[in-house]
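Could you slot chain B onto chain A? The hints should help.
Chains A and B are the protein sequences, given in the same order. As numbered in the working numbering, the first sequence has no gaps in its residue numbers, which increase by one up to the final residue, 258. As numbered in the working numbering, the second sequence has no gaps in its residue numbers, which increase by one up to the final residue, 1281.
The hints are simulated quantities; they were obtained by calculation from the structure and are not laboratory data. Treat the hints with care, as some may be off.
Taking beta-carbon pairs under 7 Å as the criterion, some of the chain B residues facing chain A (in silico) [to be verified]:
{"no.": "1", "residue": "Glu1162"}
{"no.": "2", "residue": "Val1166"}
{"no.": "3", "residue": "Gly1171"}
{"no.": "4", "residue": "Gly1172"}
{"no.": "5", "residue": "Thr1173"}
{"no.": "6", "residue": "Gln1241"}
DEER-style ranges, computed between Cβ atoms [stated by the list, open to error]:
{"no.": "7", "chain 1": "A", "residue 1": "Gly120", "chain 2": "B", "residue 2": "Ala1091", "range": "54 to 60 Å"}
{"no.": "8", "chain 1": "A", "residue 1": "Asp76", "chain 2": "B", "residue 2": "Thr1173", "range": "55 to 61 Å"}
{"no.": "9", "chain 1": "A", "residue 1": "Pro187", "chain 2": "B", "residue 2": "Met1017", "range": "51 to 57 Å"}
{"no.": "10", "chain 1": "A", "residue 1": "Asp79", "chain 2": "B", "residue 2": "Met1264", "range": "26 to 32 Å"}
{"no.": "11", "chain 1": "A", "residue 1": "Ser70", "chain 2": "B", "residue 2": "Met1264", "range": "31 to 37 Å"}
{"no.": "12", "chain 1": "B", "residue 1": "Ile1271", "chain 2": "A", "residue 2": "Ala125", "range": "56 to 62 Å"}
{"no.": "13", "chain 1": "A", "residue 1": "Asn203", "chain 2": "B", "residue 2": "Val1161", "range": "30 to 36 Å"}
{"no.": "14", "chain 1": "A", "residue 1": "Asp142", "chain 2": "B", "residue 2": "Val1022", "range": "43 to 49 Å"}
{"no.": "15", "chain 1": "A", "residue 1": "Phe132", "chain 2": "B", "residue 2": "Ala1099", "range": "49 to 55 Å"}
{"no.": "16", "chain 1": "B", "residue 1": "Tyr1090", "chain 2": "A", "residue 2": "Asn16", "range": "54 to 60 Å"}
{"no.": "17", "chain 1": "A", "residue 1": "Asp186", "chain 2": "B", "residue 2": "Ser1273", "range": "51 to 57 Å"}
{"no.": "18", "chain 1": "B", "residue 1": "Thr1173", "chain 2": "A", "residue 2": "Asp79", "range": "18 to 24 Å"}
Yeah, the Cβ is synthetic: ideal placement off N, Cα and C, and Gly gets one too.
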Amino acid sequence: MVKMPGQNPPKIRIENVSYSYDGKPALRDVTLDIPANAITVLFGPAGGGKTTLLRLINRLNDLVEGTRMSGRVLLDGKDIYAPGTDVVALRRRIGMVFALPLPLPGTVRENVLYGPKLAGLRDQARLDEILFNSLQQAALWDEVKDRLDDPATTLSGGQQQRLCIARSLALEPEVLLLDEPTSGLDPISTGKVEESLFRLKHNYTIVIVPHSIQQAARVADMAAFLLMGELVECGPGSEIFVRPRDRRTEDYVTGRFG
Amino acid sequence: MDRQLKQKLGFVLLGVMAMIVVLPILFVIGSIVALGARAINWEFLTAMPRDGMKAGGILPAIVGTLILTSGTALVAIPIGVGGAIYLSEYARDTWLTRAIRLAIINLAGIPSVVYGLFGLGLFVLFLQFGTSILAGCLTLAIMTLPIIVSAAEEALRAVPVEFRTVIISLGGTRWQSVRYIVLPQALPGIITGIILGLLRAAGETAPILFTVAAFFLPRLPHSIFDQTMALPYHLYVISTQVPGMPLHIQHGTALVLLTLVLSMNLVASLIRSYYRRRRQW
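So here's chain A without its partners, still in its complex pose (with noise of 0.2 Å):
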């Protein structure tokens, strides 16, 4: 029997989340729950938050200066953003990809090794194994096979984009966020990393910015529509592309702006 997304219990949730950027507000109470072993779909105009709300979820915004939060974000009902987090540590168990693919300086393999080796793993054995399952998930290994010695730079941009979640995947992380992770890439090579996230979804929560409206109906399980900085409606994506409730994603799922 398959069993319905909305069932899984929530892997994250995201608490009344308001966030500005130099008092500029990005994202206006935001609350949404994240189910485990799924896609979910952040999808909506441009500047209406998704990336923002995107790295929260791994913290990675802690870089940029000038923003103010409120609210929580709970990983496996933890909050995340709670004093004394290790956010090293959190950032291994959420992995991103970016909207570019952005190899490392250095060879195939030492681009998947990126991660493991950061956290200080030596064991070759283990680190072979890591490198095999990694491309291997990332749909990568037989394309690179015999090239894993090569600079990154000489893989095609969407063999690079694939590199780059094998890279994500080889921290062994539970989540898995991708913001706009095809928007340089050509259909066929967007094929092959879609295809690469229905596989995932089985062992991984992921999320995902995509890159155009048909994408978000091609993989959603669940989807968020984000207007404005403000979470207008979300549910399942074949409830939300099909029927949807509120008036403004109908306008924006049927093409009436965006």
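Just chain B now, with coordinates in the frame of chain A:
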């Protein structure tokens, strides 16, 4: 005048100006080589000066300049690169960091003779290091610092910010992003800056004038509290202070100094072009 003619005239004029930039360096190098080459021999490079510096070699000046440059590097590199890493990677934009930056800019604009006087006051007299290699190196290091800090900071900032974000998102610390990505990527730029800074230290006369340089000391220094001869000051001395000095010895000394400085410059350019070809971004 029609447009074609104007165009041609413009090219010619600009070309001539470009030539004028090149001419002095050719002339300087050419005349020094022409007049000084015949002074260069094994004795000149390896012997002590004799006959009131009118004969013999310039070994103590060569060794002195090498010691002063190395000592300056020892002091200026860790402080300069460390400071640059702090400014580029850690410092937030506060009044304090703005004050530091302002200090660096102003430090770079201070005339070298003022550094010399400052070194005399602080290191030689107040801290009682005496006229010594230690005092000279510290003075030269202070003069070199702004060059190293600003070149290193610029090289660090040129490394794409995304690399740092990726390392942080992979559970790395800020220090790890510096250690494994930013510093190795910025290294060629930093090395170039260091060499350019040391180059200036090697060639300056005024900062060492009151702090370390010996007028005539026909032996090698024994400790860091010893004085030493140095090429730029020696050149000044034999060009202005000793009557009847043979011309080829003056130019020979200049040639040695020039070779030293230009070869450092060459190394800097080689490092830069080698790494630029290998860079992946």
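Ascending list of hint numbers which this structure does not respect: The structure breaks hints 6, 7, 8, 10, 11, 12, 14, 16 and 17; every other hint is satisfied.
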